[in-house]
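Student: Keeping the supplied structure of chain A fixed, place chain B upon it in accordance with the hints.
Chains A and B are the protein sequences, given in the same order.
Per our numbering, residue 1 is the first one in the first sequence, and the count goes up by one each step.
Per our numbering, residue 305 is the first one in the second sequence, and the count goes up by one each step.
What the hints contain is simulated information worked out from the structure, not anything from laboratory work.
Every residue, glycine too, gets a C-beta built ideally from N, C-alpha and C.
Facing chain B, a subset of chain A residues (Cβ under 7 Å, in silico):
{"no.": "1", "residue": "Ala-42"}
{"no.": "2", "residue": "Phe-50"}
{"no.": "3", "residue": "Arg-81"}
{"no.": "4", "residue": "Thr-163"}
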Amino acid sequence: MGSFVLKRSLYSIISLVGLLVLVFFLSRLTGDPAALYLPVDAPASVREAFREARGLNDPLIVQFGDFVWNLLHFDFGESLRRQRPAFDVVLEAFPWTLCLAAITMSLVLLGAVVLGSLAAMNVGKSFDRISSVISLAAASAPDFWVALMAIFLFAVALGWVPTSGTGTPWHWILPVAVLFIRPFGLILQVVRGSMITALSSAYVKTARAKGVRQRAITFVHALRNAMLPVITVAGDQAAGLLNGAVVVESVFGFPGIGKLMIDSILQRDFAVVLAAIMITSLAIFIMNLLIDLAYALLDPRIRY
Amino acid sequence: MKLTTATLLAFASMTMLASPAFAQDKNVTVVLTEVLEVVDPCMAARSDVGRVVLQNVSETLTEFDPGTSKLLPRLATEWEQVNDTTWRFKLRPGVKFHDSSTLDPADIEFSLKRNKTAALGCEVGAKYFGATEFTTKAIDDTTVEVTSNPGSPILPLLLSILPIQPSEDPVDKFTTTPNGTGPYKFAAWDVGQSATLVRNDDYWGEKPVVEKATYLFRTDAAVAAAMVLAGEADIAPNIAVQDATNPETDLSYPNSETSTLRIDATLPPMNDRRVREALNLAIDRNAMIGTVFAPGVVPATQQVPPTTIGFNKDLKPWPYDLERAKKLLAEAKADGVPVETEIQMVGRINIYPNATEVMEGIQAMLLEAGFNATLQMFEVGEWNRYFVKPYPEPRTPNLVQCQHDNAKGDPVFTAFVKHHTEGAHSAMSDPETDKLITEATAASGDERTALWEKLFAHVNDEYIADIPLFYMVGFSRVGPRLDFKPTIATNSELQLSQIRFKAQ
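Only chain A is shown next, with the shape it has when bound in the complex (with noise of 0.2 Å):
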């Protein structure tokens, strides 16, 4: 195990090494951060003087032996949009998308496992079907037009929650509920098909025989083995919102991670798209990590 651990580490790290190299360069390659950062009257000269103040006029691969340099010196270098450091920058902002995705993949396993379970074991019937249903239309659903829909009726027409924002645990009721929408449907179709699979299994049948109870048929026997694809794709619906979620954090006001890359990557403030790929990519390897323990925790037969 801790072998195998150190050997995923390497890898991720060699990944994350490609990743900002490719990143760096390729972001060079899109436009000159001048011309976004000053207003579009500023004369050339300006432009010029700018460029050499920020070390932009030197050739690219001193740019990247700067940067490598102060990297090794855990610095990431100051933001071009606010003059701070791009890594403050990305720790004030990651803080809030990590809780967002942690309280939504939460509810989402937790509501997943528990109805698509149960519609597992009602298959074809009433609630099976409407769970399906209901879920495919989640699962479908556009964020955006959700997120907006959500703000004017429980917002503006019935006054429950604020419309956005931060700042009381009833400003987090709204975006938690868009960002739930789509995992949710789609973990609980994984959930209910894995289900029942495994409920249909011989080992399944031989509890019965031996009359084992469903529920304990159900929750410890078949979902243990129904659980390994719902962690695959519950790892990697949690990846996207660690990743950002661009546009609830954008409709709500949240501060968070994925409004901030996508800011930063527009203004070409390449300090900050590098330390935030930094950070989201350790998240998502550590994440993985856990996934790939998970599988053996609930599979005896994988070890690594």
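Tutor: Chain B alone, transformed into the frame defined by chain A:
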């Protein structure tokens, strides 16, 4: 049932407690559709910073009133021109910054120099002072002379853009706690979420009514509008046209922007005046009002809006005359002008609402008139390459989708950059235009006004440099508590001292 009722009651009461506070008493909540990334006054030419800082926290020496087109005293009480390059400003005595230091000539010198610091890339300096060098001389504690190179007959107007910062502010980095002389002190900034201003009770001028202003940031204009509707905010200065659905709260205002297509008049076939006229005649502007452009936009005749001195009132919008456009093209073709040459239309995604649809519509109109027009829509970074010199090589004849803001009252902020051969956004070269710009820039008073009028007549009717589209409008949603009407200035600032409360 009891549980349900109790739960609902608890939920309702907690919701009420947790509701984002309806602004109480004399406090207002402003929701902006941009996230405030910096708060340094030298960035106040950016609308997000300007709406918070300009004339609220930091003030300027003079203030341009777009309503009357007059220049008003602010931190300077009077000014006079000493010679062609030097102006003398009398500072308002006894004015103090929020940290209690006194305004003096050193602060003027510091603000001018700091705005031109390359490392900072100040928006104000880069946009308005890039090609001008300043020196200052303190005559006494409240008198300062400012010399500019080149000399500017409108230096007092130019200084209506420069927020004055104390000389103690950092020189090479942005301040995160702006210290100004204005009627509001910068109290708090929760990066990415909110900023707060509180009334400066030691302000030199009239005490404003609003005591505290909280700025929230929502990049989705629909959400900003919904916040005012839900009572979570009092004013959303910039909402989208499709969200401006309630005539009681949603007010339109001319936002000082002029939308145009810039013609590359240096390359064939558009170096032929007939082709440029045909381009203008081929576009049905009226068909675009209330469809792809907001209702309320006004067909434009020149780059500057009507609040600018030297705006030529005699110019008329180009009519839609497809037959004449075709006839002009045929004439040009008969004279050997390669009118079949591909004309690249360069659009910028989201430069204004429905920007893509506008370009698609215009492309269809140009095709109908016989032009070989192709369309490419770019995001701002790529579009900039076509918009600002040096233009990408090899050059192809193009029409570039533009929007230009001049709320400052003088065409000098427009004419050179757009129409002079050396202008950073110019795609024309006309000695008569260059001469008129040089003369008008150096003139003052009535002569200046007349020369600008002459320039715009020449550029738009005789030379035909652009395809003027519309004087644009913006929309604000103002909550029922407030007595406030947006103006052309709302595009770049939001003076809290102009906000009143309706009688309860």
